[in-house]
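A.B. asks: Chains as they are written, first to last, in our numbering: chain A, 1 to 339; chain B, 1001 to 1442.
Since the hints were derived computationally from the structure, they do not count as laboratory data. Using N, Cα and C, we set each Cβ at its ideal position, and we do this for glycine too. Possibly wrong hints are sitting among the right ones.
If the Cβ cut is set under 7 angstroms, some of the chain B residues that face chain A in the computed set are [unchecked claim]:
#1 PRO1085
#2 ASN1166
#3 PRO1167
#4 GLU1267
#5 LYS1269
#6 GLN1324
#7 ALA1331
#8 ALA1335
#9 PRO1398
#10 VAL1419
#11 PRO1423
#12 PRO1427
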Amino acid sequence: MTLRALAVLPLFAVALTAQGKVDFQKQVWPILQARCVECHAAPHTGADGKLKKPKGGVVLDSKDGMLGSDGLIVAKDAARSSLYTVVALPADDEDRMPPAKKGKPLSDEQQAVIKQWLDEGAAFGGWTGTKDKEPAGAAASGPTTAAKATGKAKAHPAVALADGLKPLPAATLAKFADGPFTVHSLGDGSPLLAVGCRGNADTVDDAALALLAPIASHVAELDLARTRVGDDGCKAIAAMPRLYDLDLRQSLVGNAGTAALAACKELRSLNLFGTKAGDYGVTALSQLKKLEQLYLWQTEAGAAAVVRVRDSIPGLRVVMGPEFPEAMEPGAAGGRRRR
Amino acid sequence: MTLHDLIRGADLPTRRHFLSRMAGSLLGVGAAGAFGPRALAQALAQDPQGPKTGPLVLGRATAKHVIYLFMRGGMSHIDTFDPKPGKETGGPTAAIPTRADGVLVGQYFPKLAEQMDKVCLVSSMSSKQGAHSQAQYLMRTSYEQRGTIQHPSLGAWCHHLAGRHNPTLPGHVIVGGGADVAGAGFFPPEFQPLPIGSAEDGLQNAALPSGVDEERFQRRLQRLGELDAAFAQRHQQRGVQAYSKAYQEAVALMRSSDLAAFDLDLESKAMQAAYGETPFGAGCLLARRLVEHGVRYVEVMSDGWDTHADNFDRLGDLTPAIDQGLAALLADLDARGLLHKTMVVLVSEFGRTPDIDQDQGRNHYPQAFTALLAGGGVRGGWRYGATDPEGRQVVTEPTSIQDLNATIAYACGLPVDHVLHSPSGRPFKVADKGIPVTSLFA
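With the rest of the complex left out, here is chain B:
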């Protein structure tokens, strides 16, 4: 891998990344880098059928889908969803009232304020991990990053325990990045998320190449089948079969009307404008389309929240896309009758320091931060937990990252105590030792 690749890789998935990851998710086989053939076969062998439909739990939580919005870099809790007006730590950020009585948000969210009757802010998040990639890993997997094992992300857990609603589409999609974050971990590679680099571009390489008509494509597939037949006959292993299945599923999707789920051009101009024509807004719109078509778990990444300097100016640039996109998403999901079956989550790996430094910056602060939840049976219009008047420490209802993830899993009806074993035989649960905060649900 050249330096150029590395730089590119940090930004958008490359075509090669994309193809291999796409094979890993939608198509059921893993990137060779993560799983050698032997590991692949082992992984597939350990759980022949997999608990496609885990022992789902009946509750008041009603989520069939999750839209998980990740603000990468550490979003300042005090300037966004836990404002501290009039305190020195509050800085120049004003707090504005919202449609939810008594719930204030930072001035950067005037449009979201109109949707806060649907939202529960969990302002008592706390962790001990203050380094970006480790904290992001912890947030998305519930486990501390270790050298000896790759943990599955929450999306992979949901896919594994509850299965796909729509078997034509992937169970788990990451929009706007995702080539570099935890995916299926030690689960079989079919639980790898499908990364979509840019929502506006949708799913690439899914149409027939120019000059290839259906008949020719059919002949090519047939030839491929003939070439593969002898090998598949000689090596009747799950890994080999997974590759054939991958091709079949990819072709099925190419021919499916569900492919339209990825195409934002099918949305009206007015709808695109309502979500805001930004990468994040387009990501939210794509997430809504994917959920409509039955994708269980969609993540949308937003970058640039590491505001060590010029925090307030930077937030002025970063927040309008979030305000617009999230407000439109909540309004739209509700009107379509999808909000009660879709849990919308907005998180960041940690908060930022209450004290403002000489560069008008705020630094990493895992002691206290806020997560936003809406839909999926969550009661809207209130704040759960609180920090002290300066936003330094959690004072009520302390909530760990594992507790938050257990709450999301609970919302989806997943059994939080269900143990799955890694190939080496170690036990893991969807949210480690997290306890669902059931009082969040209506």
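Extracted from the complex, chain A is given alone in its bound form:
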């Protein structure tokens, strides 16, 4: 009790100043300590001898705990940090923190301290807070930590491909606000691009691909499915050194175009379903040593060429067509079982 009473004191002592930066330990922590950590502390044994877990998995008594809760702290953006948004909800909102049964909402001044601290970048100074009181196993049950740990196990090919690559100027990308192609970043701030068609794919032809020349160095995923792109267009595609996923299904590509794609050394997935790709083109793909998936249903590729390409690329999966289930008998209720 005394501890808590003492902790509230600095609040009154340190007035919020416009020019000074908010100090976490002196200004923010006392608020959290007084109003939040009763429920949001790392798992520990309570006064009654029972294990107390943090409510909602949100841990506010350590730096690691706070940074480990998804969306709790978004540096320089209080409006997206739930640490701020939940305390700023109207007093009668059922999601407001602290909940009504735990007393009044935080004062406007307290809310402002938290907001300013987040907006200034959420620096903790030297504060790290409570260390885990439980063995590592218990801490791993906290939200997101588990998700993040396993999520990075195998690097996405885009990570290595983007190494050292500068993003294209915004003006170059702005030209794709309309026209036949949609252009997006792959996400996570990657300079690499995913390119697709803006509807009416059957109006996109070889000539349209000239529009992609200024961004060819950055295209990693290209979806030209159901377009009228043919062998000439594949020359433009062959000038995309970082392309790892190419979808040409049901386009007009034939043997010459398929063979030209052998220049795209980074290809992991190539979809030629429903094209005129044949033995000559498919055999040329044997040089694509990183290829993982090759789709050849409804093409003109014969068994010998398929075996050759599969034997020259370790781990390649060649998909030749579906194993459809047999059709249902009319009116059948298969697997029916009477009592």
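Given the structure of chain A, go ahead and fit chain B onto it with the hints provided.
C.D. replies: This is chain B only, laid out in the frame that chain A set:
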């Protein structure tokens, strides 16, 4: 609304429903019932551009599309994907082996068994909501139903956070119902799903009326523009502009070759037979066509799973369409190179009681049930989590509805911690507090 309307409304969307909902999704304006003009304007104003392309996350998950199959009524987990042969709770349902070593399914799925190498069964689903509409709402939105707010469905979240692949087509389509379920919620009305009552009938009223040729249609549009011009001039509001945009987009779709996405007659007889000529099979085939044309999120509804009586006979009638349609869908998507970019999900709002009652029925059971995932980067051929030997309780890897939805969102590269605010300023996330099960991904 008359009683007749209500009865009809429970079944297929009426024409009026359909038109207003269609306007809401494809065409960018909402049904007046859900959004008065003021709310509409507010909703549109709160997020002028919208985060069309949210901060997508690079991961091993690779879904660009979702096909979400919903078994409405509560599908018995024990008789379908979590069989308990030899136990009293297993009932007369036999378990059959599948192409995935060690993964058994109920006898009703011999064709799907051949595709189980592509499937991950999440057998540790659990929730506390045992009433149909509330549980369906929870499953599709991640939030408990409340009187004060309408939550957006997962499809609306995907559309909002990631945008449309193909701007000519709607971002989110519901096949076989959908006029009565959560849609855009508090999001702007452009995120409303487009409901297609019957997959076989496709998109209705999208062709020119008989006797109206292109020239006449053009004149009509021009006249409409003239009539609207003065009003639009006087009231330069987003809601008014949204209506004009709605018409433009609808006309663009009418003239687009992408309209063919809705037409199952363009599929061969053999293909239609492979999917099974049932409403569900046709729904799966339509879902595949829509995904091919760039629709991000397609839901297919299947009704009738509330088997309080004669559970085993009823399953014998209900399951063949699912077995056929889903098996064909998985095989077809894979052969077209679409399965690795499409996450296929089959869920029901809850499971059914392990104990079989005197009517040979099983009753509502949210404590334990199974969800099915395939594609979109998910590792196939295994079961995640488990129930006890009688199928009563989850014993390993408990997975909440929010966790499942977070996993689907993760598969699509959506940021599960991204907060969007309702018009009243309350924060919401795509799967509430759900945590993605990243170990499902290859």
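A.B. asks: Confirm or reject each hint.
C.D. replies: Taking the hints in turn, this is what the structure says about them:
This hint is violated: PRO1085 of chain B has a C-beta 13 angstroms from the nearest C-beta of chain A, more than the 7 angstroms allowed. Proximity of ASN1166 of chain B to chain A holds as hinted, the smallest CB-CB distance being about 5 angstroms (cut-off 7 angstroms). Against a cut-off of 7 angstroms between C-beta atoms, the interface hint on PRO1167 of chain B holds, since the closest Cβ of chain A lies about 6 angstroms away. A cut of 7 angstroms between beta carbons decides the hint on GLU1267 of chain B: the least distance to chain A is about 13 angstroms, and the hint is violated.
Here the hint on LYS1269 of chain B is broken, as its CB sits about 10 angstroms from the closest CB of chain A, past 7 angstroms. The closest approach between the C-beta of GLN1324 of chain B and any C-beta of chain A is roughly 5 angstroms, which is under the 7 angstroms cut-off, so the hint is satisfied. With a least beta-carbon distance of about 4 angstroms to chain A, the hint placing ALA1331 of chain B at the interface is held under the 7 angstroms criterion. The beta carbon of ALA1335 of chain B is positioned within 7 angstroms of a beta carbon in chain A (closest approach about 4 angstroms), and the interface hint is therefore held.
Because the closest C-beta pair between PRO1398 of chain B and chain A is about 11 angstroms apart, greater than 7 angstroms, the hint is violated. Restraint check, VAL1419 of chain B versus chain A: the minimum CB separation of about 5 angstroms is within 7 angstroms; hint holds. Below 7 angstroms, beta-carbon pairs count as interface contacts, and PRO1423 of chain B has none with chain A, the closest being about 13 angstroms; its hint is therefore violated. The restraint placing PRO1427 of chain B at the interface with chain A holds, with a minimum CB-CB distance near 5 angstroms, inside the 7 angstroms limit.
Violated hints, in rising order: 1, 4, 5, 9 and 11; the structure is consistent with all others.
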